[in-house]
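Just so you know, the sequences run in chain order A and B.
Numbered per the numbering used here, the first sequence finishes at 759, counting up by one with no gaps.
Numbered per the numbering used here, the second sequence finishes at 117, counting up by one with no gaps.
Quick caveat, the hints were computed from the structure, so don't treat them as lab data.
C-beta: ideal position from N, C-alpha, C; glycine also.
Be careful, since some hints might not be right.
To be verified - Below, computed lysine-lysine pairings styled on BS3-like, alpha-carbon distance capped at 27 Å:
1) B:LYS7 x B:LYS75
2) B:LYS22 x B:LYS75
3) B:LYS74 x B:LYS57
4) B:LYS57 x B:LYS7
5) B:LYS57 x A:LYS693
6) A:LYS693 x B:LYS7
To be verified - Short, incomplete list of chain B residues facing chain A, as computed with Cβ under 10 Å:
7) GLY20
8) GLY46
9) GLU60
10) PRO65
11) SER69
12) PHE108
13) GLY111
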Amino acid sequence: AQSVTQLDSQVPVFEEAPVELRCNYSSSVSVYLFWYVQYPNQGLQLLLKYLSGSTLVESINGFEAEFNKSQTSFHLRKPSVHISDTAEYFCAVSVRIQGAQKLVFGQGTRLTINP
Amino acid sequence: DVKVTQSSRYLVKRTGEKVFLECVQDMDHENMFWYRQDPGLGLRLIYFSYDVKMKEKGDIPEGYSVSREKKERFSLILESASTNQTSMYLCASRPTSGGAVQYFGPGTRLTVT
């Protein structure tokens, strides 16, 4: 069965420091990959996605993620974080199961930015 | 912009009550989903629907049922609420075409006492 593993449940960093949130998935077939962000007391918002093409994808607020097929990873990075990046981040893989396209989510990583 | 709304942000119910959580999307999406979110477990799929009156079980359907009488509305029903159903419930929708991106509502935090 497909699964997604986020290796860190919590990541504390200082403001303006770089950050990497790790995500590994298990799948033997082609997948779509996503990072969603959940700000406090809100629903999930799509941060970025990999569907095909360039393995490096970027978001409008400075995050990027690289699809690495050989390592089955889709790590999220930002070179310099801001207080407003404090949120929970979910990695997800879209798979087709019994004819239906579904998302399988990781456990989430809580990113805390300290001033 | 896609808009997915959920009927309540916070809900408190008693054990044994029948609970209805409503979700409405305004983008004519064929597919709708109900998840529950618990700390350390991420999001787990309860039920989904790919068309009106159609429903499929997700990974944790026990204790839940759903209803989809109209395309824009997907309801989650807890027939007899229990304390282990205290959780955050998230609804999402997705068009059949469009790269598998799901759009989420703000969530309903349900407490069962």
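**Request:** Could you work out which earlier hints the structure fails to respect and list their numbers in ascending sequence?
**Result:** 5, 7, 10 and 11
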